[in-house]
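Undergrad: Be aware that the sequence shown starts at 1, since it is given in full-length UniProt numbering, and climbs by one per residue.
Misleading hints may appear alongside valid ones.
[What the hints assert, rightly or not] Using C-beta positions, here's what the derived DEER-type ranges look like:
{"#": "1", "residue 1": "Glu-89", "residue 2": "Gly-132", "range": "18 to 26 Å"}
{"#": "2", "residue 1": "Pro-172", "residue 2": "Gly-50", "range": "36 to 44 Å"}
{"#": "3", "residue 1": "Trp-82", "residue 2": "Gly-223", "range": "22 to 30 Å"}
{"#": "4", "residue 1": "Gly-50", "residue 2": "Asp-87", "range": "19 to 27 Å"}
{"#": "5", "residue 1": "Ser-230", "residue 2": "Trp-2", "range": "21 to 29 Å"}
{"#": "6", "residue 1": "Val-88", "residue 2": "Trp-2", "range": "16 to 24 Å"}
Worth flagging that the hints you see were computed from the coordinates, not collected in a lab. Computed from a predicted structure; not experimentally measured. Glycine included, every Cβ here is placed at the ideal spot set by N, Cα and C.
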Amino acid sequence: MWLKASLNGGRAPGEHPALPLTPQDLADDARAVAAQGASAVHAHPRDAGGLETLAAPAVGAAVSAIRRAVPGLPVGVSTGLWITGGDVEARLSAVRAWAPLPDEERPDFASCNVSEPGFHDLAVAVLESGVGVEAGVWSRDDAEELAASGLAGRVMRVLVEIMDASAEDAVPEAARVLDRLDALGLTAPRLLHGEGAAAWPLLEEAVRRGLPGRMGLEDVLHGPSGEPVSGNAELVRLALARSAQG
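All chains, full assembly: derive it from the sequences and hints.
TA: This is how it looks when you write it as structure tokens:
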């Protein structure tokens, strides 16, 4: 299974003892999850105070640290609008500042949530910075928006992200979103994942459908049976073990 490790997300320091925050933390975890078989990593770079940031120096520091630790491992970052406190223009300005980063500091891809204001301009800015776009599609309405955006043919991957769903509701909702993407003729590669209670059911659904998946401390803090986990490497190991079981 092609599995992306979601290393930290927007979690606050202390939410899990092994939550990686600094560039060195992220590099160490990237090395550990790659050793377990992760195919790529997704990180939310932090500032000196541990807060999420889109600032080019912090993004460059995190990405380059991961690249030094695991050469060749694809590295992605977030562009979540909450990171700039909902300020669309501040986010756009921050992302445009990625373009001058040296190759070793520039992410391979960035997730851009279709449902957030400013998606079109953000995605264009990411592309113009030399970074691939992962379009975050959280609903059937998002699928419609992506189809109408004129950018569907330029995204490297569609992230079908089922948010705030129960374990029981997540898989049926994922099916509805995937069916809508099909109906709209959106053929970009897809990755399926969820958060919290939906993380493990959707990992299993991704396996069943033969889709790439995602797992890490951003998405869930426990194993498939609710057991505590030591960190990202254990989550990736458990996820790939389940994928091997089919």
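Undergrad: Could you work out which earlier hints the structure fails to respect and list their numbers in ascending sequence?
TA: Those not satisfied come down to hint 6.
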